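**Student:** Position 374 of the sequence shown, counting from 1, maps to 374 under full-length UniProt numbering, and the rest follow consecutively.
Keep in mind the hints are simulated off the structure, nothing from the lab. Model, not experiment: these values are computed from the prediction. For every residue, glycine included, the Cβ atom is placed at its ideal position computed from N, Cα and C. There could be a bad hint or two in this list.
Claimed, not checked - The list that follows gives simulated cross-link-like pairs (lysine-lysine, DSBU-like), each with its CA atoms no further than 35 angstroms apart:
(1) Lys391 to Lys160
(2) Lys470 to Lys574
(3) Lys270 to Lys131
As the list claims (entries may be wrong) - Label-pair restraints from in silico Cβ distances:
(4) Phe177 to Gly380: 39 to 45 angstroms
(5) Ala282 to Pro460: 39 to 45 angstroms
(6) Gly554 to Arg462: 55 to 61 angstroms
(7) Pro622 to Ser154: 32 to 38 angstroms
(8) Ala142 to Asn487: 44 to 50 angstroms
(9) Pro460 to Thr512: 23 to 29 angstroms
(10) Ala282 to Ser409: 23 to 29 angstroms
(11) Lys315 to Asn487: 53 to 59 angstroms
(12) Phe177 to Ala142: 33 to 39 angstroms
(13) Gly457 to Ala484: 25 to 31 angstroms
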Amino acid sequence: MVDISRRGLMAATAAFGIAAPAIGTRPKPTPRPNILWLVSEDNNPFIGAYGDWLAHTPAIDALAAKGVLFRNVYSTAPVCAPSRYALITGASPEGNAPANHMRAQAKLPEGWRTTPEFMREAGYYTTNNFKTDYNCEIDEKAIWDDNGSKAHWSNRPEGKPFFSIFNFMTTHESQMFRATAGRLTPQDVTVPPHLPDTPEARLDIASYYNLIEKMDGQVAKHLAALEAAGLSEDTIVFYYSDNGGCLPKSKRYCSDAGLRVALVAYYPPKWQHWAPAGPGQALTAPVTLMDLPPTILRIAGHLVPSQMEGRPLVKGASLPRYAFGMRNRMDERYDFVRSVTDGRWRYTRNYLPHLPSGQHGAYEWQAKSYQSLEREYLAGRLTEEQARFFKPRPFEELYDLSSDPHELSNLAAHPSGREKLKELRTALDQHMLAINDNGFIPEGSPLEGYSSSRRAGAYPLRSLMALGAKAASRDAGNLSAFVAGLNDRNEVVRYWNANALAMLGASASPATGALQARLEVEPSAQVRVALAEAMGYVGSISRAESILLRLLEGTASLRVKLQVVNALTHIGAKSDTTLAVLKEALKLDDEYVPRAAIYQILIMSGEYQPEVDTFAAYGRSPKG
């Protein structure tokens, strides 16, 4: 039972290192509701209200019992920074590169403002405690009335409604790197079929449930603080998680587990006219976290600005038909995936299908379950479905989540999925065009960004989508067209024709001369990386290494350096010169290049094992 006494309130607020709100007579009601966001990190709805019988989440369950439970909810990206870009702007990160990449600094278009700034315009006192990670160049202190570990709604001026966010790190991926004891033990859990049943997997799953139970206790304390302050009936509460879970194949990946999150909203009786459903009811429409900013602006009485793409989740408003998700660079590894779901079916498109989903990531591989997954793969003990994580992918995937929640049976080529494939393929195409998806632009290109990519003729997206599909088909019959495209006037078109040749591999060996000729005149560093990588794939590895090493040493751009190191890994670089240059790259002051370099060094030296701590190997501390 939640303690909502004065003593309970003091204990609750002390647990977060914040001052308790003054307790006395009931505060004077505001003419608009307060709005409270309680945000947990990196978790799927392993929550009782969502039907998980192993979960112990009484606070969230009770909130759902008197509020609205959104059953099919998704983050816009399967990792925090791009997801939080969507929350702070109400717009898709892939529409404004490099916001589509993990830990980047996109520029907001002229005239755009942030969610808390709009709420302040509406007369709200706004606080954030404490995570930001917005993936764009904004002054985090300027957009909030208070931002930091002591920010709290209790500090608002008298009579002002508040919009307050509290972020819980309890379930963050970093907490999975050590076991968490609690109600559940490894023997209590079930290992999903896409993972091997190892002691490490069982321990991580049990720890995950135990962490979620702890997080639920934090939710309870915040709700108790509201109650004790006499504000519970004047405050609309939203609980949600910022992206999918941190077990293998979830966070960072465009799987349902990577994108599916929880969302529960409680509307007190006096504010029920805003609720999209009655108390205790569930909605099944596919919604995203990007729908939250326009929702609270509508409630606050502020016009929803044109920059926001989401739909208000309020009574009478039409709910979304589809939810879209994306993946580009995740930490030190590049990829390009787009996905859409209607809540039952998930369609996923892999624009770099020659690369496996499971590219080694230094941060995530600190989890013992990731280590055991790769160990079992190297030992040849995985099932075909489990081993897919480490192998090339099809261009298109389609899953019926009602019968296949772990996405094991791809129905993209099956007659039973034909109509749904066509529908979701069209929906994704239309969405990418509507937001001017920047995903085809290599990171660091001058074409990146909302305005730059929208200049007339700068970024022929429709043509690039067709080229990307043709490249991903890996049909050698397209070889001559790809070679001709190496000389296109547009650098992104040249980049993707080079990628297309890389995907063809040895079948593109007749293009070696054309690749070399283009390298001699190519002005774009990003395209030069792609050309050299393609040369390695078609069989000229030593020549490709030489070109890539000159790029690595000759460019100042850290992201081009990262692209070079990834290319060296993809082609299987092996020269002593490469080894020496990569060791020099370990000295770079960057979060990601040394991570990628040390992995390749360990591979080339024969010292890599899944259990190797790559952070320790180059003397750095991990940043999550």
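**Student:** Now tell me if each hint is right for this structure.
**Tutor:** Comparing the hints with the structure gives:
| no. | hint | in the structure |
| --- | --- | --- |
| 1 | Lys391 to Lys160 | violated, 56 angstroms |
| 2 | Lys470 to Lys574 | holds, 31 angstroms |
| 3 | Lys270 to Lys131 | holds, 31 angstroms |
| 4 | Phe177 to Gly380: 39 to 45 angstroms | violated, 27 angstroms |
| 5 | Ala282 to Pro460: 39 to 45 angstroms | holds, 43 angstroms |
| 6 | Gly554 to Arg462: 55 to 61 angstroms | violated, 35 angstroms |
| 7 | Pro622 to Ser154: 32 to 38 angstroms | holds, 35 angstroms |
| 8 | Ala142 to Asn487: 44 to 50 angstroms | holds, 47 angstroms |
| 9 | Pro460 to Thr512: 23 to 29 angstroms | holds, 27 angstroms |
| 10 | Ala282 to Ser409: 23 to 29 angstroms | holds, 27 angstroms |
| 11 | Lys315 to Asn487: 53 to 59 angstroms | holds, 57 angstroms |
| 12 | Phe177 to Ala142: 33 to 39 angstroms | holds, 34 angstroms |
| 13 | Gly457 to Ala484: 25 to 31 angstroms | violated, 19 angstroms |
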